[in-house]
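Enquirer: Chain order of the listed sequences is A and B.
For the first sequence, the working numbering begins at 218 and goes up steadily by one.
For the second sequence, the working numbering begins at 34 and goes up steadily by one.
Bear in mind the hints are in silico, worked out from the structure with no lab data behind them.
Note that beta-carbon positions come from the ideal geometry of N, C-alpha and C, so glycine has one too.
A hint or two may mislead.
Stated by the list, open to error - Within a straight-line C-alpha distance of at most 20 Å, the following computed SDA-like cross-link-like pairs (lysine to any residue) qualify:
{"#": "1", "chain 1": "B", "residue 1": "Lys388", "chain 2": "A", "residue 2": "Tyr336"}
{"#": "2", "chain 1": "B", "residue 1": "Lys132", "chain 2": "B", "residue 2": "Leu305"}
{"#": "3", "chain 1": "A", "residue 1": "Lys357", "chain 2": "B", "residue 2": "Pro390"}
{"#": "4", "chain 1": "A", "residue 1": "Lys357", "chain 2": "B", "residue 2": "Leu305"}
{"#": "5", "chain 1": "B", "residue 1": "Lys127", "chain 2": "A", "residue 2": "Pro346"}
{"#": "6", "chain 1": "A", "residue 1": "Lys357", "chain 2": "B", "residue 2": "Glu386"}
{"#": "7", "chain 1": "B", "residue 1": "Lys257", "chain 2": "A", "residue 2": "Arg330"}
{"#": "8", "chain 1": "B", "residue 1": "Lys388", "chain 2": "A", "residue 2": "Arg330"}
{"#": "9", "chain 1": "A", "residue 1": "Lys357", "chain 2": "B", "residue 2": "Asp90"}
{"#": "10", "chain 1": "B", "residue 1": "Lys388", "chain 2": "A", "residue 2": "Gly337"}
{"#": "11", "chain 1": "B", "residue 1": "Lys127", "chain 2": "A", "residue 2": "Lys357"}
{"#": "12", "chain 1": "B", "residue 1": "Lys127", "chain 2": "A", "residue 2": "Leu335"}
{"#": "13", "chain 1": "A", "residue 1": "Lys357", "chain 2": "B", "residue 2": "Gly76"}
{"#": "14", "chain 1": "B", "residue 1": "Lys132", "chain 2": "A", "residue 2": "Pro338"}
{"#": "15", "chain 1": "B", "residue 1": "Lys257", "chain 2": "B", "residue 2": "Val151"}
{"#": "16", "chain 1": "A", "residue 1": "Lys357", "chain 2": "B", "residue 2": "Gly385"}
{"#": "17", "chain 1": "B", "residue 1": "Lys132", "chain 2": "A", "residue 2": "Arg330"}
{"#": "18", "chain 1": "B", "residue 1": "Lys206", "chain 2": "B", "residue 2": "Lys127"}
{"#": "19", "chain 1": "B", "residue 1": "Lys127", "chain 2": "A", "residue 2": "Leu339"}
{"#": "20", "chain 1": "A", "residue 1": "Lys357", "chain 2": "B", "residue 2": "Ser100"}
{"#": "21", "chain 1": "B", "residue 1": "Lys388", "chain 2": "B", "residue 2": "Arg87"}
As the list claims (entries may be wrong) - Computed spacing ranges between beta-carbons, pair by pair:
{"#": "22", "chain 1": "A", "residue 1": "Leu243", "chain 2": "B", "residue 2": "Asn119", "range": "24 to 34 Å"}
{"#": "23", "chain 1": "B", "residue 1": "Gly312", "chain 2": "A", "residue 2": "Ser264", "range": "25 to 35 Å"}
{"#": "24", "chain 1": "A", "residue 1": "Tyr364", "chain 2": "B", "residue 2": "Arg94", "range": "44 to 54 Å"}
{"#": "25", "chain 1": "A", "residue 1": "Gln299", "chain 2": "B", "residue 2": "Asp365", "range": "54 to 64 Å"}
{"#": "26", "chain 1": "B", "residue 1": "Ser79", "chain 2": "A", "residue 2": "Ala240", "range": "22 to 32 Å"}
{"#": "27", "chain 1": "B", "residue 1": "Ile64", "chain 2": "A", "residue 2": "Leu289", "range": "23 to 33 Å"}
{"#": "28", "chain 1": "A", "residue 1": "Thr313", "chain 2": "B", "residue 2": "Arg326", "range": "50 to 60 Å"}
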Amino acid sequence: MNMASQPSQFTVLMRVLHWLMAAMVLTMLGIGVAMVASLGDYRCLVSIHRPLGITILILVVIRFVNRQFSTLPPFPATMSSQERFVAHASEILLYTLLFVLPLVGWGMLSAARFPIVLYGPLHLPPILPHSVMLFAFLRKTHTVVAYLLFLAFLAHFGAVLFHTLVVRDALFSRMAPWRVRAR
Amino acid sequence: MPSDSPASAEKRPAPLRSSAVRRLVGIGVVILCVAGGFLYLGGWFSPNALTPSRFVDAFERAAGVHSGFRRNHAKGVGVSGYFESNGAGARFSKAVVFKPGRVPVIGRFSFGGGDPNVVDAPNMVRGLGLLFRLPDGEEWRTAMVNLPVFPFQTPQAFYDNLVASQRDPKTGKPDPEKMAAFAASHPATMRALGIIQSHAPSSGFDNTAFNSLNAFLFIDAAGKSIPVRWTLAPLQPFAAASAAATAQADKSYMFDELIASIQRHPLQWHLLVTIGQPGDPTNDATVAWPDGREQVDLGTLTLDHIESEETSLARDINFDPLVLPSGMAPSDDPLLSARSAIYSQSFTRRAGEAKTPSEISPVEVRK
Numbered sequence: 218m219n220m221a222s223q224p225s226q227f228t229v230l231m232r233v234l235h236w237l238m239a240a241m242v243l244t245m246l247g248i249g250v251a252m253v254a255s256l257g258d259y260r261c262l263v264s265i266h267r268p269l270g271i272t273i274l275i276l277v278v279i280r281f282v283n284r285q286f287s288t289l290p291p292f293p294a295t296m297s298s299q300e301r302f303v304a305h306a307s308e309i310l311l312y313t314l315l316f317v318l319p320l321v322g323w324g325m326l327s328a329a330r331f332p333i334v335l336y337g338p339l340h341l342p343p344i345l346p347h348s349v350m351l352f353a354f355l356r357k358t359h360t361v362v363a364y365l366l367f368l369a370f371l372a373h374f375g376a377v378l379f380h381t382l383v384v385r386d387a388l389f390s391r392m393a394p395w396r397v398r399a400r
Numbered sequence: 034m035p036s037d038s039p040a041s042a043e044k045r046p047a048p049l050r051s052s053a054v055r056r057l058v059g060i061g062v063v064i065l066c067v068a069g070g071f072l073y074l075g076g077w078f079s080p081n082a083l084t085p086s087r088f089v090d091a092f093e094r095a096a097g098v099h100s101g102f103r104r105n106h107a108k109g110v111g112v113s114g115y116f117e118s119n120g121a122g123a124r125f126s127k128a129v130v131f132k133p134g135r136v137p138v139i140g141r142f143s144f145g146g147g148d149p150n151v152v153d154a155p156n157m158v159r160g161l162g163l164l165f166r167l168p169d170g171e172e173w174r175t176a177m178v179n180l181p182v183f184p185f186q187t188p189q190a191f192y193d194n195l196v197a198s199q200r201d202p203k204t205g206k207p208d209p210e211k212m213a214a215f216a217a218s219h220p221a222t223m224r225a226l227g228i229i230q231s232h233a234p235s236s237g238f239d240n241t242a243f244n245s246l247n248a249f250l251f252i253d254a255a256g257k258s259i260p261v262r263w264t265l266a267p268l269q270p271f272a273a274a275s276a277a278a279t280a281q282a283d284k285s286y287m288f289d290e291l292i293a294s295i296q297r298h299p300l301q302w303h304l305l306v307t308i309g310q311p312g313d314p315t316n317d318a319t320v321a322w323p324d325g326r327e328q329v330d331l332g333t334l335t336l337d338h339i340e341s342e343e344t345s346l347a348r349d350i351n352f353d354p355l356v357l358p359s360g361m362a363p364s365d366d367p368l369l370s371a372r373s374a375i376y377s378q379s380f381t382r383r384a385g386e387a388k389t390p391s392e393i394s395p396v397e398v399r400k
């Protein structure tokens, strides 16, 4: 038995990044959908949306790199091979959406020639040429990817709830914010 | 809570089945609630709330949809030049634009309203959008008009006025009853219109003064903020618009005069900043600040180049009044956030549309 080399949980850094990003991404999705429908709160929401989006972009890169160098806990025995395949594919999908969404946001503001202020005089350089047609395309893409991310989040959340409350396996404990001893 | 071993589920007998169904239903309810909360934030359950989208719809109802054009201030022309700061602003704001020196400027003169082919007339609202490119990569954008005060206190009042002044398709005119009802319920607008009508319009764009209307904050190096409003005061001498000019055959005579004048010599404006005192309203653009407030000349704007929208960079710029450099900040005026949101909506709609030729064509500018 090589139980010693098989961790029962994701590493502390992986769990910190997961829950930190979960809070940030949910906040971001809420801000995003609210700000496009808002007049009075628009300024305040936009001024959070842009720097928070860039923070998520940086964190997702750190998280992806860190994942490559970390030992992952195995899937619980209750998961069939098909289920494992779906779980793995959904993870790739979530990483892709989390990376693409802020990048499209940065690109679309670049194409609109709109400054991306982070804090005070600190701002990002444009990554695309000034083209309003390109902006229009990326602006639509940004919305579509955001809704896809929200749907992917719901599927992820639903699957974890299903495992925890119905199958009643130890899936959740792998990512639990608290320490769970291996049994 | 997640401590059940995988095997324990299989060992349990039938009662688990019904509880499993209940749990499944519970999960479904939780997911629906999260999705519902998301849609609630997006305004899906408040169909009557005023949103940027509904505001721009009202502009489109008033003037029609003109492919590729701004939904308001549709008729315009691009300009460029520079701002020469005299350094006097550094006392009030740490913004790089107020250090002594020169920064390039892109701008756009326009008439208010959503019709890009409207016939020039001196009594229409004149706009000037400017983008200052600061040496550190920051930008200052401002969209000004020639009115001394703004006619509406809130976005809702502006919207209600757009709806009330909607032309009746039968008569071709707004419904006088709706207009009267709006006037009766908006005393601030009526007071502002009184101030606006007491100012005679000038003969052309070149001798027009343009105002920030909304109050902003200047923040100095020590972090102290003061409320300000600004005005671009023309160096070109004032001449009143003549009644005869309105009957001109040339439907773009004011733009043509601007083109001729800027091609004769560069046009210049002083940037005058009015320093607000405690108690001066910063959240009400319908009210002028009392006379005698300190006014400081921060430098001179020079516009020496004019272009058709078809070739000018200005067409594809959103002169969002909340693009401000460090050292400047929005005031508590509710119009500012709404302007930013609505400009963005108008920009997003026109960005993806085919661009229609501008009334002021490149040929017009060159002749």
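Enquirer: All hints, please: hold or fail.
Expert: Going through the hints against the structure:
1. Using a Cα cut-off of 20 Å, the hinted pair B:Lys388 and A:Tyr336 is violated, with the two alpha carbons roughly 35 Å apart.
2. Of the pairs offered as hints, the one joining B:Lys132 and B:Leu305 holds, with about 15 Å between alpha carbons and a cut-off of 20 Å not exceeded.
3. Distance hint between A:Lys357 and B:Pro390 is unfulfilled; the C-alpha atoms sit about 25 Å from each other, more than 20 Å.
4. Using a Cα cut-off of 20 Å, the hinted pair A:Lys357 and B:Leu305 is violated, with the two alpha carbons roughly 41 Å apart.
5. For the hint pairing B:Lys127 with A:Pro346, the CA-to-CA distance comes to about 30 Å; that exceeds 20 Å, so the pair is violated.
6. For a cut-off of 20 Å, the pair hint linking A:Lys357 to B:Glu386 stands: about 13 Å separates their Cα positions.
7. Proposed proximity of B:Lys257 and A:Arg330 is contradicted: the alpha carbons are some 31 Å apart, above 20 Å.
8. Restraint check: the Cα-Cα separation between B:Lys388 and A:Arg330 comes to about 18 Å, which is no more than 20 Å; the hinted pair holds.
9. At roughly 19 Å between alpha-carbon atoms, A:Lys357 and B:Asp90 fall within 20 Å of each other, so this suggested pair holds.
10. At most 20 Å may separate the alpha-carbon atoms for a hinted pair to count; B:Lys388 and A:Gly337 exceed this at roughly 35 Å.
11. For a cut-off of 20 Å, the pair hint linking B:Lys127 to A:Lys357 is broken: about 37 Å separates their Cα positions.
12. In summary, the hint linking B:Lys127 to A:Leu335 is supported, as the alpha carbons are separated by about 18 Å, within the 20 Å threshold.
13. About 18 Å separates the Cα atoms of A:Lys357 and B:Gly76, which keeps this hinted pair within 20 Å; it holds.
14. With a C-alpha separation of about 15 Å, the suggested pairing of B:Lys132 with A:Pro338 holds against the 20 Å cut-off.
15. Restraint check for B:Lys257 and B:Val151: the C-alpha separation of about 45 Å exceeds 20 Å, so the hint is violated.
16. Simply put, A:Lys357 and B:Gly385 have alpha-carbon atoms about 10 Å apart, close enough for the 20 Å limit, and the pair holds.
17. For the hint linking B:Lys132 to A:Arg330, the alpha-carbon distance of about 24 Å lies beyond 20 Å, and the restraint is violated.
18. Using a Cα cut-off of 20 Å, the hinted pair B:Lys206 and B:Lys127 is violated, with the two alpha carbons roughly 50 Å apart.
19. Between B:Lys127 and A:Leu339 the CA atoms are separated by roughly 14 Å; this keeps the pair inside 20 Å, and the hint holds.
20. Of the supplied pair hints, the one linking A:Lys357 and B:Ser100 holds, its CA atoms being roughly 18 Å apart against a limit of 20 Å.
21. For the proposed pair B:Lys388 and B:Arg87, the alpha carbon gap of about 23 Å is over 20 Å, so the pair is violated.
22. For the pair A:Leu243 and B:Asn119, the beta carbons lie near 49 Å from each other, so the given range of 24 to 34 Å is not met.
23. Between B:Gly312 and A:Ser264 the beta carbons are some 28 Å apart, a value that agrees with the proposed interval 25 to 35 Å.
24. The hinted window of 44 to 54 Å between A:Tyr364 and B:Arg94 is violated, with their beta carbons roughly 28 Å apart.
25. Roughly 57 Å separates the CB atoms of A:Gln299 and B:Asp365, a value that falls within the hinted 54 to 64 Å.
26. Checked against the hint of 22 to 32 Å, the pair B:Ser79 and A:Ala240 passes, with Cβ atoms roughly 26 Å apart.
27. At roughly 26 Å, the beta carbons of B:Ile64 and A:Leu289 sit within the given window of 23 to 33 Å.
28. Taken as a hint, the range 50 to 60 Å holds for the pair A:Thr313 and B:Arg326, whose Cβ atoms sit roughly 56 Å apart.
In summary, the numbered hints that this structure violates are 1, 3, 4, 5, 7, 10, 11, 15, 17, 18, 21, 22 and 24.
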